[in-house]
Amino acid sequence: MNYLKQIYYEMRHHRMMTWVSISGTALAIFLVMTFVMAERINTVEMAPESNRSRIMSGTNLHLESNTNAFLGSTWGINPDVVKKLYGNLDGVEVVSYIKAWGDVHDVNVKGEESFACEALDVDENFWKVYDFRFIDGRPFDEAERKAEVKSVVITRSTARKLFGEEKVAGREIEIGMYPYTVIGVVEDVSPLLGNSYAKLYRIYNIESDKGQENTQWFGNTSARLLLKEGKSPKEVKHQVEERYRQLSSEAAKEGMRLIYHGQPYTAEDNAAGSHGSNNTPPTERHQRIQWVIYAILILVPAINLSSMTRSRLRHRVAEIGVRRAFGAKRVDIITQLFGENLIITFIGGCIGLGLSILFLIYASTFLFSYSSIFDSLEILDTTPDLKMVFSWGNFFIALGICLVLNILSATVPAWRASLVDPATALSSR
Amino acid sequence: MKRNLLTQIRSEWRENIWLVVELLVVTAVIWLIGILFYGKTKNYFKPIGYDYNNIYTVELGKIVAGSRYYEGDINDWEGWQTDLQELIERLNKNPHLEGAAYYEGALPNSNLQGGTHIEKVDVEDSVTYLGRIRNGSPELVRLMQLESATGKTTEQLEEILRRGDMLISESEDYKAAGRNVMDLIGTRVYRGEGTGIYKVGDVIRGVRDNEYADEWGTIVFPMLKPRGIFNSNSVQVAFRVRDGHDKEFLKEFEENPELRRQRNVYLLAPKALTDIREEDVRETETGLRMLGCLMFFLLVTMFLGLTGTFWFRIRQRVGEIALRKVCGATRADIFRRVIGEGMILLLIAAALMSAIIWPMSDYFINTFNCTRPEMLVFEAIAIALVALGIVVSLWYPARNAMRVEPAYALKSE
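Protein chains in written order, with the numbering used here: chain A, 1 to 429; chain B, 430 to 842.
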């Protein structure tokens with residue numbers, strides 16, 4: 001208790017410096033945690049992407065001429081090719097084939113005004129890869145997909161907008177002037193979960209899709225893979241790379257080659273920024289840059305705090321001398337100084353963490369943009385909610401950063417202060 | 430005086446070494462941010478070659494069997510093409526519109542984006558022209574308000590496309606390779622053996638996707654028929670509304686099925702190109718704001734660190750400052766001494782930074798696409814900014830030092 005009192009008096013005595021130290025630490029933690037949490041939003045696991053670390057996406061095909069370097073194209077994948085690339089892979093629990101891009105359709109209840117809705121065309125396995133919560137009805141199954149039944153799953157907010165209520169399974173709507181039956185209603189999906197977000201989900205039947213005309217390579221399909229527990233994405237990538245090699249030798253007969261760009265992509269690959277469909281995601285480079293940013297954001301305040309602690313301790317040489325003369329051990333001096341600093345760092349850390357959560361919830365679009373299949377200002381303006389931003393993992397990361405900051409800024413000054421010889425310290429007074 | 434200052438800095442080397450490291454890191458990062466910022470924004474004030482205001486883009490929808498609107502037996506390419514052309518004709522006659530066109534990849538953020546090279550058919554030339562493909566119907570000229578570089582009118586440019594010739598833009602790369610793009614006017618070009626042959630009809634001002642995009646050649650291929658319709662959503666429609674007619678036209682477009690539907694082809698809800706442009710540049714702009722915030726944060730952190738460190742230092746040096754005053758030092762001398770200490774530390778940091786970055790200048794030039802003079806300018810700016818930060822952060826401790834009363838400070842001695 002005395003110990004805490006002493007720290008309190010010390011902080012009150014150097015009021016300005018206490019505020020400088022706390023605000024410096026808070027600013028550092030605010031910025032580091034803002035970056036860390038914004039990055040984690042791209043990989044956060046929450047419904048319907050609760051298995052995000054096990055989900056990979058196989059998208060785009062890049063074909064280049066062997067003879068003319070200027071002739072090359074990238075596009076969605078032909079249905080037959082997508083099966084050859086992503087079907088029956090070791091370590092994959094479920095494969096879902098979906099239409100490669102989302103569409104925006106006019107949707108209405110017959111005779112009512114229509115409004116634009118983002119739609120994904122998916123197969124029955126999509127509901128196994130992603131864990132949507134159905135609040136009414138059910139997903140469509142294999143038989144319905146094969147029969148190309150005009151059924152659709154809509155989200156809670158779409159149901160409300162169309163019918164003014166949520167339990168609407170079995171009711172009829174028009175999508176693009178065509179009648180569909182609502183087969184299920186699911187919870188809304190955050191636009192920040194870019195691979196599963198849509199407002200309605202229609203049936204996509206890969207078997208009836210002929211792909212693009214005049215080419216056996218391109219089409220409208222992409223794949224979503226759910227890996228088995230414990231399987232590494234790298235193993236799956238190796239298998240797909242090998243399949244690319246085999247298909248490329250087939251393409252060589254037409255004077256073309258397939259360029260492999262690290263598919264299928266993980267959530268980390270998707271988070272590495274827009275890289276275009278004919279480039280490999282710069283995942284490692286992106287992560288290296290992130291680490292450099294974190295290091296700078298921690299290092300600069302650590303140097304500051306260290307300099308300030310050192311200057312402050314020179315001011316307290318006499319006090320340390322008296323303590324040592326009265327029997328305090330070196331370890332006691334180190335522990336006390338370390339503890340004082342930790343309290344300041346912890347107070348600053350809590351303020352910084354709180355500010356970063358508020359910033360991300362209310363203003364993250366000022367600094368960050370998140371990727372989605374759909375492009376719209378509404379999606380780009382979406383900010384994450386508390387569930388996405390705050391997790392105990394993030395709290396412990398902040399705590400860890402506080403500790404690192406504390407160790408970096410207090411260890412050397414505390415150790416040097418403990419070396420003070422009591423006689424010298426007291427004689428200087 | 431200066432020598433004394435250096436001796437004092439040396440005697441406190443343990444603390445100063447960390448301050449130098451901090452100033453080095455902050456100056457280097459600010460320099461790097463400056464270079465990155467400049468690299469991303471240097472094209473901002475250059476013309477983008479077209480006017481994106483008042484343009485709306487629309488995707489095409491296909492009515493299929495089973496819909497109450499379906500008109501049977503016309504689901505073939507030719508039928509769809511005729512219907513789309515009919516819709517475009519109706520839009521072009523609408524008094525609220527300046528023009529409407531169908532296109533493939535011509536506008537930013539279109540579904541189909543790509544580049545190509547073109548080479549002369551009749552003359553062998555190792556230099557090829559590289560550009561972004563912008564396919565469209567002839568009305569694309571008035572839709573985008575493309576400008577001729579040779580003084581031709583909008584109608585003349587449209588006429589060139591209508592007769593099946595193509596338009597290309599001025600190109601820095603082509604010029605750098607020692608060729609004049611004007612020499613291509615009237616020549617026959619193609620994309621390589623086995624591809625279609627076109628005649629270059631005129632040279633237009635280059636079109637960039639947005640204000641931040643690099644300049645690249647523009648190749649407008651004429652699309653006299655909307656081929657590829659409903660094939661992977663590549664064909665889209667766009668129209669330009671007359672100034673101030675937005676609301677009236679959008680209302681009419683929503684309510685009048687004649688404008689939106691022709692047999693089994695219909696137009697979806699229009700989307701403003703200004704919104705598409707904003708979506709397009711959002712990532713770049715958030716990135717720029719992030720760089721600005723990082724720079725601001727580093728300056729604030731440095732400010733807090735220097736203020737804190739020098740605050741304690743000056744409190745420790747009260748006796749020394751009092752002695753200096755007794756020996757005749759003025760308040761200004763004391764102020765200069767404190768600020769001078771910070772500046773000397775910055776000079777050491779700047780020298781160290783130069784010793785690190787200049788031997789690696791080739792790497793920076795290649796990575797950030799800058800020149801040596803630009804590197805030098807941004808180094809000077811970074812040092813000046815940090816110097817300003819030092820003056821601001823040391824002002825308060827220096828002011829306290831100036832106010833030390835010699836008699837009061839020395840009474841214990």
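Everything labelled a hint here was simulated from the structure, so no lab data went into it. One or more hints might be untrue.
[Claimed, not checked] Taking CB as the label site, the calculated pair distances span:
{"hint": "1", "chain 1": "A", "residue 1": "L403", "chain 2": "B", "residue 2": "A809", "range": "37 to 43 angstroms"}
{"hint": "2", "chain 1": "B", "residue 1": "G757", "chain 2": "A", "residue 2": "T411", "range": "19 to 25 angstroms"}
{"hint": "3", "chain 1": "A", "residue 1": "K128", "chain 2": "B", "residue 2": "R519", "range": "54 to 60 angstroms"}
{"hint": "4", "chain 1": "A", "residue 1": "Q246", "chain 2": "B", "residue 2": "E684", "range": "36 to 42 angstroms"}
{"hint": "5", "chain 1": "A", "residue 1": "R316", "chain 2": "B", "residue 2": "F474", "range": "53 to 59 angstroms"}
All residues carry an ideal CB built from backbone N, CA and C; glycine is no exception.
For each hint, the structure was consulted:
1. L403/A - A809/B: 37 to 43 angstroms: 39 angstroms, holds
2. G757/B - T411/A: 19 to 25 angstroms: For T411/A against G757/B, whose Cβ atoms are near 43 angstroms apart, the range 19 to 25 angstroms is violated.
3. K128/A - R519/B: 54 to 60 angstroms: Distance hint for K128/A, R519/B is violated at roughly 47 angstroms.
4. Q246/A - E684/B: 36 to 42 angstroms: 55 angstroms, violated
5. R316/A - F474/B: 53 to 59 angstroms: 56 angstroms, holds
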